[in-house]
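Student: Chains as they are written, first to last, in the working numbering: chain A, 1 to 262; chain B, 1001 to 1289.
Rather than coming from a laboratory, the hints here were simulated on the basis of the structure.
Cβ atoms here follow ideal geometry from the backbone N, Cα and C, with glycine treated the same way.
Accuracy of the hints is not assured; some may be wrong.
[What the hints assert, rightly or not] Per label pair, the in silico range of CB-to-CB distance:
| # | chain 1 | residue 1 | chain 2 | residue 2 | range |
| --- | --- | --- | --- | --- | --- |
| 1 | A | Pro234 | B | Asn1194 | 39 to 45 Å |
| 2 | B | Glu1193 | A | Ile231 | 36 to 42 Å |
| 3 | B | Ser1145 | A | Ala254 | 46 to 52 Å |
[As the list claims (entries may be wrong)] With the Cβ distance kept under 10 Å, some of the chain A side facing chain B (calculated, not the full set):
| # | residue |
| --- | --- |
| 4 | Glu105 |
| 5 | Val113 |
| 6 | Thr117 |
| 7 | Arg135 |
| 8 | Gln141 |
| 9 | Thr229 |
[To be verified] Listed next, the stretches of chain A that the computed footprint assigns to chain B, with coverage defined by at least 3 CB atoms under 8 Å from CB atoms of chain B:
| # | stretch |
| --- | --- |
| 10 | 127-134 |
| 11 | 209-223 |
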Amino acid sequence: MNESIALYRERPGALHGRNPATKLAAALTILAAAFLAPWIAAPFALFAGIIVPLAFAGRVAGAFLKAVFLLYLPFAFFLFLIHGLFHPSTDAALWRVWIFSVQPEALRFAAGVAGRTLVMFSVFVLLFLTTHPGRLMQELQNRGVSGLAAYVICATLQILPLIRERARTIQEAQTARGFAVGGSVLHRLRAVLPLLGPLFHGVILDVEDRALALEARAVMRKGKRTFLTEIPDPRWEKIFRRGCLAAVAAMAVARGVAAWPW
Amino acid sequence: MALVSLRGATCRYPQNKTPALSDLSLDLEAGEILLVLGASGSGKSTLCRLLCGFFTHFYKGACEGEASVCGLDPRTAPLCDVIQRAGMVFQRPETQITGARFSVRGEIACGPENLGLPREEIARRVDEAMGLTRLESLADRSPFSLSGGEKQRLALASILAMRPGLLVLDEAASQLDPAGENDLLEVMRTLAENGTALVATACLPGKAAALCHTLLVLDQGRPVLYGTPREVLAADKTRILDAAQTARPLCAQAAVEGSAMGLWPKNAPLPLNVEEAAEGFQAGEKHAF
């Protein structure tokens, strides 16, 4: 049985009960702040000062930090490796060996990209950890997003757990036939190859079945929709969203003014 | 005119010269159940797709002949109109969950919500569909936490909530346990009594043979037998049934074998369920002694 739905974790946290539009607005505002702030340290400060405390408030800190470390850190490592050693900067090198050199400008560039991608990745991980895809889709449809677009978003969120579930089934079947899937890293890598064919074939078949099932439920129908349940949207959340919009506008103006050639 | 009518329907998938369905004609009235039998690749799923509009709209197939489903031509009418009249339940329960709602109740409501029905009407339909499929106790569970049989009942309830005039079940019982199959047959019986037309496909007739009004046997896309269950499963049709790689229900097959041994009354109709078989064999026994 597959009880997991995308990244979502059901918890009695402070974020779960909030309207998905409010959480989306907050995520986009933090993201805008990370991109518009002129300081390299700003995205890291946003991560440590706002996003991580929010993950604790939402009671998803464990899953959040695990996802960030497992998926983001390898990316950051290669980012610093590539830019740190091969960036075409003309700065004086801090350190140089053969064709490799480490320059302050290159490191600053890598840190800037790493900070922004950290915020981008982590806000959306937090959003999807605390927002049921169905709730998000309902809210998006309520706000005029087409059914097709909303389902594409939802299907994207669900594809990873479904692939994981199918891969596990195939691997169990292969193990039952005496196929060794454990052992050293090399052994495990070898075991992945025979998994790929049936996995992708199965996923493609799943997609066809799923698309038909969605068509059978009138997902592609144009026109107004009504919903059995209503997602609460208290007044303060509406005000908060307007505040987010104003904050993004203010940041954009401030950045524009600072960059203007006076 | 019948609720469902096909005349000389011949269907081809794109880039496939061999028709998946050849020269098929059938009629189905409201409240009738048609059971379609045949081996894998015999055209059962193509027939289901044709009736629900998917064959031309989704698979982009070409279909000659005449077709009418609940007053619409499923090949040319907008798919959204066809699916409101002809609902389809598929073979694999896992892939029929949209994942777009967080409870069984929400999942069932998904179809009527997309139709833009008033909230009270959606609630009424959801309750009715849950009652028919006995899902009330699971109403607040996550659809992903259900067993295979429960998921299939959920898929059925989700389509029933759209209140189609024709319900198409494409091997919907193939992954169910005997209790789940019995539940499904009971729902089919209730729906037929309430006026819904049903088309169910299977490789073997099983218990559904006793429930259906008409039986159609397909062999490589061609209709080879069409009639009442007793006509289609009669003793003289063995060769055709064998060629189509299908079989009679066990009780009917026992009667055919018993007839050759003098245990089943000559010229007596074949039994379609255990009760009829028991009665027939008792009569045959009296006759023999």
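Student: The structure should be examined with respect to each hint, and the outcome stated for every one.
Tutor: Taking the hints in turn, this is what the structure says about them:
no.	hint	verdict
1	A:Pro234 - B:Asn1194: 39 to 45 Å	43 Å, holds
2	B:Glu1193 - A:Ile231: 36 to 42 Å	39 Å, holds
3	B:Ser1145 - A:Ala254: 46 to 52 Å	49 Å, holds
4	Glu105	47 Å, violated
5	Val113	34 Å, violated
6	Thr117	28 Å, violated
7	Arg135	7 Å, holds
8	Gln141	9 Å, holds
9	Thr229	7 Å, holds
10	127-134	holds (count 3)
11	209-223	holds (count 15)
When the structure is compared with the earlier hints, violations turn up for hints 4, 5 and 6 and for no others.
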